[in-house]
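The opening residue of the sequence shown carries number 1 in full-length UniProt numbering; numbering runs sequentially from there.
Calculated from the structure, these hints are not laboratory results. Just to be clear, a hint being listed does not mean it is correct.
[What the hints assert, rightly or not] Ranges of calculated distance between the beta carbons of each label pair, as one might list FRET restraints:
no. : residue 1 : residue 2 : range
1   : Ala72     : Asn128    : 18 to 24 Å
2   : Tyr149    : Glu84     : 28 to 34 Å
3   : Gly17     : Lys90     : 28 to 34 Å
4   : Glu18     : Ala72     : 29 to 35 Å
5   : Leu156    : Asp34     : 39 to 45 Å
6   : Ala15     : Asn146    : 17 to 23 Å
7   : His26     : Val131    : 31 to 37 Å
8   : Leu156    : Gly87     : 17 to 23 Å
In this text, a Cβ means the ideal position worked out from N, Cα and C, and glycines have one as well.
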Amino acid sequence: IYLERFPIFKACFSANGEEVLATSTHSKVLYVYDMLAGKLIPVHQVRGLKEKIVRSFEVSPDGSFLLINGIAGYLHLLAMKTKELIGSMKINGRVAASTFSSDSKKVYASSGDGEVYVWDVNSRKCLNRFVDEGSLYGLSIATSRNGQYVACGLKLGKLLVYISLPPFANWSLGGKF
Numbered sequence: 001i002y003l004e005r006f007p008i009f010k011a012c013f014s015a016n017g018e019e020v021l022a023t024s025t026h027s028k029v030l031y032v033y034d035m036l037a038g039k040l041i042p043v044h045q046v047r048g049l050k051e052k053i054v055r056s057f058e059v060s061p062d063g064s065f066l067l068i069n070g071i072a073g074y075l076h077l078l079a080m081k082t083k084e085l086i087g088s089m090k091i092n093g094r095v096a097a098s099t100f101s102s103d104s105k106k107v108y109a110s111s112g113d114g115e116v117y118v119w120d121v122n123s124r125k126c127l128n129r130f131v132d133e134g135s136l137y138g139l140s141i142a143t144s145r146n147g148q149y150v151a152c153g154l155k156l157g158k159l160l161v162y163i164s165l166p167p168f169a170n171w172s173l174g175g176k177f
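Throw the hints in and build the complete structure from the sequences for me.
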């Protein structure tokens, strides 16, 4: 597959492996390659999405959702099947990284201001927010399969691991690496 004048920023398989999604460093187009049909499908415009550039995105583990990290603190939730906008969530600052929980029911977002946000996917309401200790700028975020841990990778080379304390609403620093 060759995409002319489309330097790839990120490429990712869909959860079922039937599609490959790709974004560029300077375009709002999302390319979808249908592996079964052997067809390349450009998604030029998502109705309601006003982003000038689409770069960073995440696919939910259950294959239902596509999450686009927008500018100005926006996270846009799309239906994976139709690529239509379901709704948006807003954090303070810039979105540095995002991920889904293993059950696809929550979204975790790390802000450029050093905070981590936990969102409910269905209601798109913020469930929790905590300070990423010592973070001046997070680069990555990941959750454990059981949902008990959140790992935040920082620009300074640190990895901070947080543990969820019962009733799973409070987060505490579990370790620094």
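Supplied distance hint 29 to 35 Å, evaluated on CB atoms of Glu18 and Ala72
holds (33 Å)
Is 39 to 45 Å respected by the C-beta to C-beta distance linking Leu156 and Asp34?
For Asp34 against Leu156, whose Cβ atoms are near 41 Å apart, the range 39 to 45 Å holds.
Taking the beta carbons of Tyr149 and Glu84, is their distance inside 28 to 34 Å?
holds (33 Å)
Range hint 31 to 37 Å: satisfied by the CB atoms of His26 and Val131?
holds (33 Å)
The hint says 17 to 23 Å between Leu156 and Gly87; measuring C-beta to C-beta, is that right?
violated (34 Å)
Has the hinted range 28 to 34 Å been met by the Cβ atoms of Gly17 and Lys90?
holds (32 Å)
Per the hint of 18 to 24 Å, is the separation of the Cβ atoms of Ala72 and Asn128 within bounds?
holds (22 Å)
Cβ-Cβ distance between Ala15 and Asn146: within 17 to 23 Å?
At 19 Å between Cβs, range holds.
Against the hints set out earlier in the document, a violation occurs for number 8 only.
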